[in-house]
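A.B. asks: Take a look at the letters that make up each chain.
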Amino acid sequence: MKLLTGNDLVSGAVTWWTGNGWSLHVEDAADVGEHGEAILHAEEGARRVNAPYIIDALPTGDGPRPAHIKDRIRALGPTVRTDLTLKPADPAAGDWII
Amino acid sequence: MYKYDNYDQAMVDARVAEFRDQITRRIAGDMTEDQFKPLRLMNGLYLQLHAYMLRVAIPYGTLDSRQMRMLAHIARKYDRDYGHFTTRQNIQYNWIKLEDCADILEELATVEMHAIQTSGNCIRNISSDQYAGAAADEVTDPRPWAELLRQWSTFHPEFSYLPRKFKIAVIASSEDRAAMRLHDIGLELIRQDGELGARVFVGGGMGRTPMIAPEINPFVKADDLLSYLEACLRVYNRYGRRDNIYKARIKILIHEIGADAYRRQVAEEFAHVKTLGIDPPLAELERISAFFAPPAYDAANVEPDRNDPDFALWLDQNVKPHKQAGYAIVNISLKPIGGIPGDATSTQIDVMADLAEKYSFDELRVTHAQNIVLPYVAKRDLYSVWQALREAELADANLDLISDIIACPGLDYCSLANARSIPVAQKIATRFADMDRQRDLGELKLKISGCINACGHHHAGHIGILGVDKKGVENYQLTFGGSGAEDVSIGKIIGPGFDEDGVVDAVEKATEVYKALREGDERFVDTYRRVGLEPFKEAIYG
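Protein chains in written order, with my numbering: chain Z, 1 to 98; chain Y, 1 to 542.
Honestly, I wouldn't trust all of these hints.
As the list claims (entries may be wrong) - Below 27 Å or equal to it, Euclidean Cα-Cα: the simulated DSS-like pairs (lysine-lysine) are:
#, chain 1, residue 1, chain 2, residue 2
1, Y, Lys77, Y, Lys165
2, Y, Lys427, Y, Lys492
3, Y, Lys358, Y, Lys3
4, Z, Lys2, Y, Lys471
5, Y, Lys3, Y, Lys323
6, Y, Lys427, Z, Lys87
7, Y, Lys37, Y, Lys247
8, Z, Lys87, Y, Lys77
9, Y, Lys515, Y, Lys320
10, Y, Lys274, Y, Lys221
11, Y, Lys470, Z, Lys2
12, Y, Lys97, Z, Lys87
13, Y, Lys77, Y, Lys97
For the record, the hints were derived by calculation from the structure and aren't laboratory data.
Here the structure is a predicted model, which is why all the values come from computation and not from measurement.
Put together the whole structure using the sequences plus the hints.
C.D. replies: Okay, here's the thing in structure tokens:
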């Protein structure tokens, strides 16, 4: 599956295209299939996202898992500061990255 | 320390106002990211993995307690309560919001700070010896010269769009604590027949093509230095490649045309530049130098009481001799076992500011090894300083030992990285957590980069680690034999790479080989240079 990701223009936070908007949570990400480029240009032009790009991901029972470690780290946060990840209460969350 | 005059302050204030307007227009949609990106980079604002990152300049790594407290304030108010001290003696914040950036820069400007020259293809923040003004072995204080170069290079109209970024280091000691010859230009201030001048090295650097700068001129008189540097930059600006980012640094130009040809061209250009009268008059040099006058030292020379064994260990490892009797140079390690190299919380930054104000004539230094220095501490105060540092978890006695690791932010933060650096540093430091074991190994400089750009200086590590992406999996190459000091050398790759745990094991095996083969007080790197790679390779790869 293909996901569309970028950063929020104002906050810089990592965001994921959900099909009708942007979410901070990768589990909300939608498969953009062959439509990624078109959505990317429209959303970037509308200043709803900064530096968007398309990535490969695998569907799992818990939602999409980006294929590359860099995007998994983007999705969760730095592996060395679990207190700063999006799931600080889940000590096993980092295992998802590696 | 240098204090801004009205021109300095006006320039910084104007830049803040200009960037505020640019940010407003970007958020309003009047500029695309392609248009905005070079403007934000000129103001130290990057877009990294998780957020915007702001890199704040600390010219030649020198700052006072007021500035240090501002750095803590920025961390607390605008970031996530910590900052990361970098290998260019700067600090960067990892969680900045675009909408806050102008306010941050405005607050920084109130204490004579900014983020200019921390990005882009300009002359970057000048770096220097963290012991400047305090080192017993310096021929002069390099800071006035670093400050002169800062003023010369800031907003220099001819050098704002160089082929690539340009880094300059200035030292004034035969012991190189600034990796001087791994810079685009390295200056070693020397005296020749009583006259002050500089050895000029050009074309060094790390990155994907590491090179040691050749000596381009053995002695440039101080009176000619700016003209000579202008000539060095002009030749680069004229002939440096702009068609290939990987071939654009001055080291590539000098490698391709040869040091002799470059030297000749610089000499020709210098003959012209010298007629332009850009070297400052003596009065201006004296004005700048006056800011760096020695502090009002106390004549008392009170040796510290070494009865507390932990304090004594810290004294032996982290405290260095001072040129002034009765004083010492204190190195504050930002490398706690299992911690993140170079990171400090806002509370810790405030503690260091307080200690500088109370015990170090209000001055601190940031080192390229991502530690902090209090340059002027009376020996009688060392125990009090150590107690306060210990209370703040800043008293690790590991300077220059294997756990004093330089590490770039790596894939945990950096959009350019291929592999994580910090977890490897943490695992190695934890493996060697026993301080007796570390001290037994002695000086061992271990440096980790998460990509070939080498921000973690792995080429210059006695042991270097380079993280690479091997089909989507992190892999770590080991290099041995590098040094950024006066015995400068580039490390060599020892063989196939390892996974994260494998590289920690390999480092441990290397230290065992060293212990078995070392002679006398020989350091790891000296044993490696004497015996060569084979014994290490045999132990590591079997």
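A.B. asks: When you check the alpha-carbon spacing of Lys515/Y and Lys320/Y, does it fall within 27 Å?
C.D. replies: holds (26 Å)
A.B. asks: Against the 27 Å threshold, does the CA-CA distance of Lys77/Y and Lys165/Y hold or violate the hint?
C.D. replies: violated (31 Å)
A.B. asks: Quickly compare the C-alpha distance for Lys2/Z and Lys471/Y to 27 Å and report which way the hint goes.
C.D. replies: holds (19 Å)
A.B. asks: Assess, step by step, whether the Cα of Lys87/Z is no farther than 27 Å from the Cα of Lys77/Y, and give holds or violated.
C.D. replies: The given pair, whose Cα atoms are some 22 Å apart, holds under the 27 Å limit.
A.B. asks: Quick one, are Lys97/Y and Lys87/Z close enough, alpha carbons at most 27 Å?
C.D. replies: Between Lys97/Y and Lys87/Z the Cα gap is close to 21 Å, so the pair holds against 27 Å.
A.B. asks: Sort out whether Lys3/Y lies within 27 Å of Lys358/Y, counting only the CA atoms.
C.D. replies: This hinted pair holds, its Cα atoms lying about 20 Å apart.
A.B. asks: Do the alpha carbons of Lys3/Y and Lys323/Y lie within 27 Å of each other, as the hint requires?
C.D. replies: Within the cut-off at roughly 24 Å; holds.
A.B. asks: Going straight from one Cα to the other, do Lys470/Y and Lys2/Z come out at no more than 27 Å?
C.D. replies: Since the Cα atoms of Lys470/Y and Lys2/Z sit roughly 22 Å apart, the hinted pair holds (cutoff 27 Å).
A.B. asks: Against the 27 Å threshold, does the CA-CA distance of Lys37/Y and Lys247/Y hold or violate the hint?
C.D. replies: holds (22 Å)
A.B. asks: Under the criterion that the straight-line Cα-Cα distance not exceed 27 Å, is the pair Lys427/Y, Lys87/Z satisfied?
C.D. replies: Satisfied, since the Cα-Cα distance of roughly 23 Å is no more than 27 Å.
A.B. asks: What's the verdict on Lys77/Y and Lys97/Y, does the C-alpha distance respect the 27 Å limit or exceed it?
C.D. replies: holds (11 Å)
A.B. asks: Sort out whether Lys221/Y lies within 27 Å of Lys274/Y, counting only the CA atoms.
C.D. replies: holds (12 Å)
The structure fails to meet hint 1 from the earlier list, while all remaining hints are met.
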